[in-house]
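> Sequence:
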Amino acid sequence: MFSFIARRAGAAVGTLFLSSILVFLAVQALPGDVATQVLGKDATPDAVSALREKLKLDQPAWERYIDWIGGALHGDFGLSLVSGKAVGGEVGMYLGNSALIALVTVLFAVTGSIVLGILAGLYRDRWPDHLISTVSLVGMSVPEFVVATVLVLCFSVALPWFPAVVLYGPEASVGQLMPAVWLPALALAVVMAAYIVRMARTSVIDVMASEFVTTARLKGLSTWRVVTRHALPSALLPTLHVIALNVAWLAGGVAVVENVFNYPGIGKLMLASVQNRDLPVIQAIALISAVVYVVCNLAADLGAMALNAKLRTRGRTR
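Heads up: the sequence shown begins at 11 in our numbering, then just goes up one per residue.
Don't take each hint at face value.
As the list claims (entries may be wrong) - Dumping the calculated SDA-like pairs for lysine to any residue here, alpha-carbon to alpha-carbon at most 25 Å:
1) Lys95 to Arg74
2) Lys95 to Ser183
3) Lys64 to Tyr75
4) Lys64 to Gln38
Stated by the list, open to error - Between beta-carbon pairs, the in silico distance windows are:
5) Ser220 to Asn272: 19 to 25 Å
6) Leu312 to Pro153: 28 to 34 Å
7) Thr224 to His251: 23 to 29 Å
8) Arg17 to Gln38: 30 to 36 Å
9) Gly80 to Thr159: 42 to 48 Å
10) Ala219 to Val92: 54 to 60 Å
11) Phe27 to Gly122: 35 to 41 Å
12) Leu169 to Thr233: 35 to 41 Å
Derived by calculation from the structure, the hints in this document are not laboratory data. All of these numbers come straight from a predicted model, not from anything done at the bench. Using N, Cα and C, we set each Cβ at its ideal position, and we do this for glycine too.
Build the full structure now, drawing on both the sequences and the hints.
Okay, structure coming up:
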């Protein structure tokens, strides 16, 4: 078990290292001169040269990467070119607002999709399965910004139950943001849950047809006990990775939805930073997204190990 965890952790660290290099190179490859972009076209050559020296743009790329990744390991992502504030504090404030949406989304999407997937699998080819499969297929086909727009029309215009846009800035408290969290979270949950439902349904169907489930039924165990004690742990194994990928997808999907609702989250900051060529902020957000992706996959591997006795005992049987 220890070697399994060590291998997965080592792979995660290696993936993050390669991701940091790709993030840095991709940002540096953006067209145009950053100093000229920040100062404007009317800036003097001396001012541009001074800013380039201040931003260390006159240094080789490998030196700038070492300085950046060394600071990032200590939580120092530099200063924003637009606001002049520390990137870590600014990104952390927006990230906290996005985490509120992500938390509500995951609670609704994961819990609801697993329940619906189990029901669809248990009632295969019957009306609950047809209904759930049709709804999930629609959820997979419709982009999240379309779902968000429909929700605004239904629950902000036709039925004014929730605010259509957020009027607060990134410094808003949880209490101020909470009324505006539900529609973005629901829009993301609809799209996210569709994929989990399909995988959970397929896994339940495969597991219910396996020999150990048939044996449990022949022993006279109730359907509820067969599902919860025998089928569900095995059915969750392939579903965990789909859940992990969809949780990591929130880092990108939330950017689109946040702009629909004018929500002060990490997605809104990312688009604003791209427009303003605020490279330190772009690099920090991209690296944080890579960390989220790697951590989600590592958590899925550890969850699979906890559910699968073969993985826990593999080292002992060798």
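> Could you work out which earlier hints the structure fails to respect and list their numbers in ascending sequence?
Structure breaks hint 5 only.
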